[in-house]
Amino acid sequence: MFIGIDVGGTFTDAVLLDRGCVRASAKVQTKEDLLSSLLEALDKAMKGVSGDLVERVVLSTTMITNLIVEKKYDPVGLILIPGPGLSHQHYQFNTGTYIIPGAMDYRGREIIPLRRQEMENAIMDLADDGYKNVAVVGKFSSRNNRHEKEVAARLRWNYPDCQVEMGHQVAGQLNFPRRVVSTMLTCATREKYEYFVDSVITALSKRGIDAPVFILKADGGTLPLPCSTRVPIETIFSGPAASTLGVQALTPPGETSVVVDIGGTTTDLALILSGSPLLASKGAAIDDYLTHVRALAVKSVPVGGDSIVERVGKEIIIYSERLGPPYCQGGPMPTPTDALRVLGLTRLGDEDRAREAMDSLGAPLGMSPGEAANKVCNLVIDTISAEIQLMFTQWEQEPAYRVWEVLEKRKERPSTVVGVGGGAAGFISQIAATLGAYPVIPPYAPVANAIGAAVALPTLEVTLRVDTEQGYYSIEEEGFQEALDDANFTEQQALDLASKWLGKRADKYGLNQRIEDVEIIRREVFNMVRNWVTTGKIYDIHVQTPRGILGHIGAGGEIK
Amino acid sequence: MEKKTGLIFFPAFDWAISPTHPEREERLLYTRDQIFEEGVMDLPQIREYAPRLASLHDIARVHFCVPRVQSQVTEAHLIAAGSALQLGDAVVSGEIKNGFAMVRPPGHHAMRTVHGNRGFCNINNEAVLVDYLRRRHGLKRIAIIDSDVHHGDGTQDIFYHDPDVLFISFHQDGRTIFPGTGFSHELGGPQAYGTTLNVPMPPGIGDETLEYIVDNLIVPVIKDFNPDFIINSAGQDNHYSDPLGSMRFTARGYADFTRKLNPDMAVLEGGYAIETALPYLNLAIILALARLDYSYVLEPDYWPGRFTENAERASKVHRTVDYLRDVWEKRNSADIDNIFGKGNFYQRKKFIYYDTDYIEEEQIEKVKKCSNCTGYLLVESRGERGYRAPVRIFAVTVPFSACEACQQEAYDAYHQAKKKEQYDYVYMQDKSLDTCLNYERDKNHEWSTEG
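Here the protein sequences line up with chains A and B, keeping their order. For the first sequence, position 550 (counting from the first letter as 1) is numbered 550 according to my numbering, and the numbering increases by one without interruption. For the second sequence, position 375 (counting from the first letter as 1) is numbered 375 according to my numbering, and the numbering increases by one without interruption.
If you are wondering where the hints come from, they were derived from the structure by calculation, not from laboratory data. Cβ coordinates follow ideal geometry from the N, Cα and C atoms, glycine included. Check before you lean on any hint, since a few could be wrong.
To be verified - Listed next, the in silico DMTMM-like pairs over lysine to aspartate or glutamate satisfying Cα-Cα at most 20 Å (straight line):
id: 1; chain 1: A; residue 1: 299; chain 2: B; residue 2: 42
id: 2; chain 1: A; residue 1: 192; chain 2: A; residue 2: 70
id: 3; chain 1: A; residue 1: 282; chain 2: B; residue 2: 42
Unchecked claim - With beta-carbon atoms standing in for the labels, derived distance ranges:
id: 4; chain 1: A; residue 1: 158; chain 2: B; residue 2: 259; range: 42 to 48 Å
id: 5; chain 1: B; residue 1: 21; chain 2: A; residue 2: 521; range: 24 to 30 Å
id: 6; chain 1: A; residue 1: 493; chain 2: B; residue 2: 433; range: 55 to 61 Å
id: 7; chain 1: B; residue 1: 422; chain 2: A; residue 2: 521; range: 51 to 57 Å
id: 8; chain 1: A; residue 1: 547; chain 2: B; residue 2: 357; range: 42 to 48 Å
id: 9; chain 1: A; residue 1: 146; chain 2: B; residue 2: 329; range: 58 to 64 Å
id: 10; chain 1: B; residue 1: 350; chain 2: A; residue 2: 530; range: 34 to 40 Å
id: 11; chain 1: B; residue 1: 3; chain 2: A; residue 2: 32; range: 44 to 50 Å
id: 12; chain 1: A; residue 1: 401; chain 2: B; residue 2: 389; range: 39 to 45 Å
id: 13; chain 1: B; residue 1: 329; chain 2: A; residue 2: 121; range: 55 to 61 Å
id: 14; chain 1: B; residue 1: 386; chain 2: A; residue 2: 523; range: 34 to 40 Å
id: 15; chain 1: A; residue 1: 547; chain 2: B; residue 2: 295; range: 43 to 49 Å
Model the full assembly from the supplied sequences, consistent with the hints where possible.
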C-alpha cells in the first residue's frame, strides 16, 4: 500500500492507495506544528491498517517555500567570484556580499587567479559581521570548481563551525545569478530542513512504518527523504506539482488538459500535454528570487473564491486581495463565492446575505442580484481563461536553439479542463466552455494533492559534459569533474558514461530500481576546429530516468 | 519603465556549411555559454523571443534565387531571416525599443541574384528585413550600417540604386581580404548617388579610428538622412583576435560604436573568433543596446593600451572619411550625367565569384533613369558551374515607388524575355504590388507568390 501526504498551508491531506484504488483519505487542518498535523492525517487515513503493510510514503510540503517567503532563516553571507562580464552592480542579494577577484572562462580555464589576500579579507569580514552560513559561488564554477573549493577550504580551516555551501554542488546549469540564489537558499534552509526530516522519520517509525519515505520535488519527481537534505530547495512548490500529478493520475492517459485549482485567494494553473506535465523552461522563481530549481510550469493567478469584488464607477472590479470569508459566510465584502451562491452553484453560506452582497454591487448599475452575480462570475472566468490561453501561447513561444526545434513547434489546445480545489465546481464548466474543452471534476478532487504525492515516482537525471581537447568531463548534478585523457572518446562512450553516472546516482540515493530505461533528453556534439583541423570534441549529454506516475487511479474507495 | 531590448538567439546548433568550415555548429556555442551564465535572458531590460520562419515570398521579394527560392534556402536560412522579421515587427509595434538577432547563417554577401552560396551567405537577412519593413509596415527610409570586416557587397548590390536605403560599410581594404570590393568610389547608381558609402581601412586599424569614423561620418550622415529605421549589420570580425580579418577592434570598441549608432536592430553577420571574441563581443553589444554598463566586459588577453594606432594608416582613414563627407554633402548637386553618362539607362557589367560554391556569374544590370520614380531594374545573368551547362536568367525589379510608365515598361520587358530562347528562367519582382513571378522555360510554367 502506498501513502501520499500533502502538507499544505491550510489543510494536510493524506491518502492510502491500495492496488491502484483510493482505500482511504483524510483531510485535517494544518497546525503550527507540522508534525502533529501530519500524524493526525496519517492516523485517520491508516485507521485499521497496520504500518508494516505500507510499502512507500511520499510527502509534499510547503515548509521550505514558507521558510523562504517568510524569511525565517539565518542570514547567509556571500563570497562571489564573478570576474569580468556584467557589472558587479547586478549582484545585490540583500545580504552581506563580498566580491573577490578571480575568474574562469566558459571552458573552465582560469583567466584570473584568486588573490589570496583579498580572499582572506573577505573571510575575516564575514566572520566579523557574524555570518555562520556562507555561500561561495564563482562564475563558470560548473566548468571548473577550483576557486570555489579553495575559498571553502580556507573558510572551513579558519572557522570550522561555519556552514559552507559551494555553487557547483548546488546547481550545475549555466546562469551565475541563479546559482548564487540557489546556493544561498540551500545554505539558509538546510539546518531547519534537516530537523524536519529527522522528525518525520522518527514520527513514522513510531507508527510502525519503516517503508522508504520520499519527498516530492517541484518537477514532480521524488527523492528519498534522507537524501533530500542535500537539496532542500528542490522541494519548493511541491504543492502545485502534487496537484498536477494528482490530476494526471485521475484522468485518462495521453490527454492534453489544464489543471485549474481554484482556492480562496489564488487559482493555480498547470498544463498536462499529451499526458505528461509540462516542465518550465527555466528554474522556479520564489520571493522575487530566480533559482535553478527545475519545476513544473505552473502559474498562480491572483483570483479566487474569496477575492473581494467592488463597484468602481460603472465597472465591477475583482481585486487580488482577501479580506476574510465571503459575505455570505459573514465576511465584510462581496466575493465570487457570493455570486456562485446567488446562482445556485454552491451551497456555502447564507443565500440572503449573498443576494444582499450582489445587490449592493448591481443596484447602482441597474442590475438585479442575479445579473450582478453573472457579471462577477464572468469576470473570474474571463481572467482565468485568458491566463490559460497565455500559458499555451508562452509555451509555443519558448525560444528554440536548433532548426528541428523550430520546425517541431506544436500548437496545442486543451481537450479537458480539470478542476480541483474549493471553487472548482462553480467555475470549471464555464471556463471549459470558453476554451472549447470538456470540463472534468474528477473523483477525489478534494485530495488530489495527496494522490499526486502517492503516485509520484523517483526521477534522476545526469548532465554530462565532455571536453576532449582539454581532457576533462563533468557531471553537473554532482558538481563532479575529472580528467579524461582519451582523445578518441566517442559519442557512444559519452552516452555510456552518462548512463553509468545515472546508475551511480541511483545507488547513492538508495533507489534500488535498476536503471533500464535511460531517456536521452539532449545529445550534442560540437567539433572543435583549430586552423581547419579538428582538435577535439565537446559532448553535451543529458539523460534521465523516464518521468511518469505509478499508475492511474481506478474506481473504489471513499473519501472520509 | 523603459522598453526592453529584444533578443533572438538562434545559434542553429544543428546546421553547418561543412564540418570544419568556420560557419559551423560550434560558432555561437561559447556565446551561449557566456550570455546564459551571465543570466542575460533574466535581466529586466531584456526580452527573449522565439524565432520564426520567413516565408518563401519574403525571400522572393528581395532575391532572384536560381532556379527558385526552395533550391537556395535551407530551413536554417528561413529561420535566420525570420528571426530578423520577428524582432522587426516587435520594434515597429513598439513592444521593444530595439533588438538583436543573434542568428546563423549570416547573409550580407548574398546579392540580388543568388546562384549559390558566397561568403557563407545565401540569403541576405538585412535586405529581407528592409523590404519586409517597407512592405508590411510602410516604412520608407532605412539606414544599414555594416560593421563586418568584409565589405557588405551583397547588401550594397541590392540597394545600390535605391535612394531610400542608406548603406554605410566600414571594412578591411578590399585589396587585402574577401570579397575585394567596397572602395570609396562605390557611391551608388545614378538614381541613388551618395547613398552608398564605403570606408575601406588598411589592416591593423583599431578602436580609436573606428571612433573617428563613427563621430565624423556615420553619425552626422545618418542625422542628415533621417531614416525611419536603423539596422546594424553586426559583423564581428574586425576584432583583434579574428582569424579571417586583420583589424584590431575590441569588444569595448564595438560596444561604444553600438551605443553611438543606437540602431533599432542589429543582425549578426560574420565573426569567426568564436572563443576569443564572440562571447565578449555579443555580450558587450547586448549590454550596449540595453543601455547597461558594459565596462566590466573584457577579453581575457586584453589590457587597456595594448594597441596603439599607426598614425599613417589612421590618417589614411581620416582622409577617406573627409572625402566621403564631401561627397555626401554635395550629392544633390553632383553632375549625374557626367558621372554615369547620358541616356535612358545606366548599365554596368559585373563578374561575381561564389567562393563557397565555386560558381562564376556574369551579370549585366540596367537601371532606368526615371525622373518620376527610382526606376526599374533589369538583370541578365549567367551562372557557370564547371561541371554543367551554364544557367541563364533574366530578371526585372519594379521598385516600391514605381511610376506607372516604369511599371508598364518593366512588365513588357518581362514578357519579352519569356519569349526568348536563351533564358532558362525569367523573373519579375514587383515590389509595388508585392507580387513575384518566376517563369521556367523547360516546363513552360510560371509560378507566382504574393504577399
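Each hint tested on the structure:
Only pairs whose Cα atoms come within 20 Å are accepted, and residue 299(A) paired with residue 42(B) is accepted, the gap being roughly 18 Å. Distance hint between residue 192(A) and residue 70(A) is fulfilled; the C-alpha atoms sit about 14 Å from each other, no more than 20 Å. Our distance criterion of 20 Å between C-alpha atoms is met by residue 282(A) and residue 42(B), whose separation comes to about 10 Å. A hinted range of 42 to 48 Å for the beta carbons of residue 158(A) and residue 259(B) is consistent with their spacing of about 44 Å.
Between residue 21(B) and residue 521(A) the CB atoms are about 28 Å apart, so this pair conforms to the stated range of 24 to 30 Å. For residue 493(A) paired with residue 433(B), a C-beta distance near 59 Å keeps the hint of 55 to 61 Å intact. A hinted range of 51 to 57 Å for the beta carbons of residue 422(B) and residue 521(A) is consistent with their spacing of about 56 Å. The hinted range of 42 to 48 Å is satisfied by residue 547(A) and residue 357(B), whose Cβ atoms lie roughly 46 Å apart.
Between residue 146(A) and residue 329(B), the C-beta spacing of about 59 Å keeps the proposed range 58 to 64 Å intact. At about 36 Å, the CB distance of residue 350(B) to residue 530(A) agrees with the hint of 34 to 40 Å. Between residue 3(B) and residue 32(A) the beta carbon distance is about 47 Å. The supplied range of 44 to 50 Å therefore holds. Against the hinted window of 39 to 45 Å, the Cβ-Cβ separation of residue 401(A) and residue 389(B) comes to about 41 Å, which satisfies the hint.
Our hint of 55 to 61 Å for residue 329(B) and residue 121(A) holds, since their Cβ atoms are close to 59 Å apart. Separation of residue 386(B) from residue 523(A) is about 39 Å and conforms to the stated range, judged on CB atoms against 34 to 40 Å. Checked against the hint of 43 to 49 Å, the C-beta distance between residue 547(A) and residue 295(B) comes to roughly 44 Å, which is consistent with it.
Of the hints listed earlier, there is not a single one the structure fails to meet.
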